[in-house]
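K.L.:
One letter stands for each residue in the lines below.
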Amino acid sequence: MRKDLMRSIVTALSVAALLALSSTVAVCQEPQSVNPAGGGVPMTSLEHLQAKSSGPAPRTADGKPDLSGLWGPDRNFILDISAALKPGEKLPLQPWALKLTEERLSKPGAKQEDPKANCLPDGVPREDPFPWKIIQTPKLIVFLIEGNVHTFRQIFMDGSHPKDLDPTWYGDSRGTWQGDTLVVDTVGFNDRTWFDGIGHPHTEKLHVIERYRRPDSTHLEFEVTIDDSGAYTRPFTLFGHSPLLVNTEIMEYFCVENGAQDVSHMVGPATVGVTGDVHR
Amino acid sequence: MFVRWICRSLYSSLVAALIISAPFAASAPKESQFDYRDLSGVWWVNAPGPDKLFDRAKNGDAGKCQTCHISEHTKPEPPLTSWARQHLMIQPQMIQTKMGECNPIGVPAQFWYTQLYPFEFVTAPGRIFQFFEKQNEWRVIQLNRGHPKALLPTSMGDSVGKWEGNILVVDTIGYNGRDPIEPVGVDHRMSPAFHLVERWQRVSANEIELDATYYDAMAWGTEPWGGLKKKFMLQPKMELLQTPCSPEANKKFDDRFANPSVPPL
Chain A
1 MRKDLMRSIV
11 TALSVAALLA
21 LSSTVAVCQE
31 PQSVNPAGGG
41 VPMTSLEHLQ
51 AKSSGPAPRT
61 ADGKPDLSGL
71 WGPDRNFILD
81 ISAALKPGEK
91 LPLQPWALKL
101 TEERLSKPGA
111 KQEDPKANCL
121 PDGVPREDPF
131 PWKIIQTPKL
141 IVFLIEGNVH
151 TFRQIFMDGS
161 HPKDLDPTWY
171 GDSRGTWQGD
181 TLVVDTVGFN
191 DRTWFDGIGH
201 PHTEKLHVIE
211 RYRRPDSTHL
221 EFEVTIDDSG
231 AYTRPFTLFG
241 HSPLLVNTEI
251 MEYFCVENGA
261 QDVSHMVGPA
271 TVGVTGDVHR
Chain B
1 MFVRWICRSL
11 YSSLVAALII
21 SAPFAASAPK
31 ESQFDYRDLS
41 GVWWVNAPGP
51 DKLFDRAKNG
61 DAGKCQTCHI
71 SEHTKPEPPL
81 TSWARQHLMI
91 QPQMIQTKMG
101 ECNPIGVPAQ
111 FWYTQLYPFE
121 FVTAPGRIFQ
131 FFEKQNEWRV
141 IQLNRGHPKA
151 LLPTSMGDSV
161 GKWEGNILVV
171 DTIGYNGRDP
181 IEPVGVDHRM
191 SPAFHLVERW
201 QRVSANEIEL
211 DATYYDAMAW
221 GTEPWGGLKK
231 KFMLQPKMEL
241 LQTPCSPEAN
251 KKFDDRFANP
261 SVPPL
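Chains as they are written, first to last, in the numbering used here: chain A, 1 to 280; chain B, 1 to 265.
If you are wondering where the hints come from, they were derived from the structure by calculation, not from laboratory data.
Idealized CB from N, CA, C, for every residue including glycine.
Possibly wrong hints are sitting among the right ones.
[Unchecked claim] Here chain A is said to cover these stretches of chain B; the calculated rule only asks that three of the stretch's residues, wherever they fall, bring their Cβ under 8 angstroms from a Cβ of chain A:
#	segment
1	131-145
2	182-195
3	240-246
Start from the sequences and build out the full structure, keeping to the hints where you can.
P.N.:
In C-alpha cells, the structure reads:
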C-alpha cells in the first residue's frame with residue numbers, strides 16, 4: 001500500500017515540496033510533514049508503520065546489540081541539521097560557510113547544485129524522508145538507503161582507515177563496539193555533499209563520529225559528532241532517533257526516474273532567510 | 001584501494017589487472033575452510049579488467065563499441081517473436097544513453113559489469129543481499145518465501161532463492177520491462193514477462209560459478225536463452241568502492257571506452 005501511495009504522489013509532491021521549501025520561513029523550527037527537498041512521500045505516511053509495542057533490544061549470537069531492522073527517518077536530519085542540536089545551540093559556521101549557505105538559499109538556481117537534486121548521494125549525516133535499513137554481520141554493517149539515491153553505505157568492523165583514501169560521498173567508515181554502543185568513525189569524505197536541504201557545507205577535512213544505541217526493540221538513538229575545521233569553528237554534536245518500522249519493506253526507488261527532471265524546476269531563489277538563530 | 005582505481009583507469013592494460021588480482025588470490029582461504037552454502041564475501045572475475053572490451057576497441061572498433069556484440073553466452077539467443085520485433089527493439093545507442101543517464105541497471109545486466117566491478121554477497125537470516133559495485137546497486141534474495149501474488153514491477157524484480165543441494169537457485173520475476181538485458185550485444189530490452197533463473201555454486205573455497213538462464217515468453221516464446229556462465233574468485237581483502245552513478249563519470253567512461261588513447265581518468 002505504501003508503495004502504491006508513494007508511486008502515485010511522488011512526482012506531484014516533488015514540485016509541491018519545493019514550493020513548501022521556498023515559502024516556509026519557519027521550516028527550520030517547525031515539524032515538517034512533506035519532504036522539503038524534492039521527491040519522496042509525506043513523512044506522515046510512515047508514521048502508521050511505526051512499531052507500537054516494544055521490548056528489550058535483541059542481541060546477535062555473539063552478544064552484541066542487534067541493530068538490524070527497518071528504521072524511519074529523523075526529520076531533523078533532512079532539511080536543517082540545526083534542529084538536531086541541543087536546544088539553544090547554534091551551528092558554529094565559519095564566515096565563508098555561512099556565506100555559502102546564504103547563497104544556496106537565495107541565489108537563483110542554487111538548488112540545482114544540491115547533489116540530491118542531481119540524484120547524487122546524501123553523504124553523512126543527511127537523511128531523506130524514506131526508510132533505511134541496517135544489516136548487521138560481525139565484520140560488516142550495511143545501511144541500505146531507499147532514497148533519494150537507492151544505494152548502500154558500508155561500515156567495516158574489522159579494520160582501520162586506509163592511508164590512501166580517495167575522497168568519497170560516504171567516506172570510509174570503521175565501526176567498533178563500546179559496550180552496547182556502535183561507534184562509527186568516518187573520514188575520507190569528498191566535499192560535494194550538503195549536510196541538509198538548506199545547504200550547510202563541509203570540506204574534505206570532515207571527520208564524523210556516530211554513536212548508535214538501541215535502547216529497546218523499537219527505537220534507535222544516535223549521536224553524530226561533526227568535526228570539520230575547514231568549515232566550522234569547533235566540533236558539534238547532533239542528536240537523533242529513528243523508530244522501527246514494521247509491516248513494510250524498503251522499496252525500489254530510483255531518483256533518476258522520479259526526481260531528476262525536477263532540477264529544471266529549481267530555478268527560482270528560495271525565500272527562506274538565513275536566520276541568526278539557526279546559522280550563527 | 002588506490003590500485004583498484006588504477007585498474008579502472010588503465011582500461012587497456014590487462015597486465016595491471018593481473019598484478020592486482022595476484023595478492024588477493026594469494027590470501028584466499030584454504031580449501032578446508034569453507035561452507036559450500038556460504039556465499040558471503042566479495043567476488044570478482046578471475047581476470048578482472050576490461051581487456052575483453054578494450055581489446056575489441058583496439059582491434060578496429062574504436063568509437064563504435066556501442067555496437068559491439070560482446071556476448072558471454074555459450075548459446076545463441078533464440079529468435080525473437082514478431083511481437084518482440086515490433087515492441088522491444090532498442091537502438092544500442094539508446095542503451096548507452098540509458099546507462100549514461102544513470103538509469104537502473106538491475107539483473108542480469110549487472111552480471112555483465114562484473115568484468116569491471118566486483119560484487120558482494122552478505123547473508124542474513126532468511127535472505128541474502130547482493131551488493132554490486134557498479135552504480136552501487138543492491139538486491140535482496142528472499143529465502144523463505146515464494147513470489148508474492150501482487151508484484152510491483154521493478155528494475156531488480158523480485159528474487160527468491162532456495163538451495164538445491166549446494167546450489168543456490170535464484171528465481172526472479174516482476175520486472176518492469178523497461179531495462180536492457182545486457183549493456184551491449186542485445187538489441188532489445190526485456191519484456192515484463194522476463195524471468196531470470198540463476199544457479200550459484202561455490203565450487204571451491206575461492207571460486208563460485210554462475211549459470212544463468214533467461215526466459216521471456218513475450219520475446220522468445222517458450223524457448224529459453226541459457227548458457228550464461230561466469231566464474232568469480234573470492235577477494236578476501238577487497239572492499240567494494242563507492243561508485244554512485246553520475247553523468248560526468250559515465251561520460252568519462254564512454255570517452256575512454258570509445259578511444260583507448262584517451263589518458264586514464
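K.L.:
Confirm or reject each hint.
P.N.:
Structure-based check of each hint:
1. Chain A is given as covering the segment 131-145 of chain B, and this holds because 4 residues of the stretch bring a CB closer than 8 angstroms to a CB of that chain, at least three being needed.
2. With a cut-off of 8 angstroms between beta carbons, the segment 182-195 of chain B has 0 residues touching chain A; three or more are needed, and the interface restraint is violated.
3. A count of 6 residues in the segment 240-246 of chain B with a Cβ less than 8 angstroms from any Cβ of chain A is obtained; the coverage claim is therefore met, three being the minimum.
Violation of the numbered hints given earlier is confined to hint 2; every other hint is satisfied by the structure.
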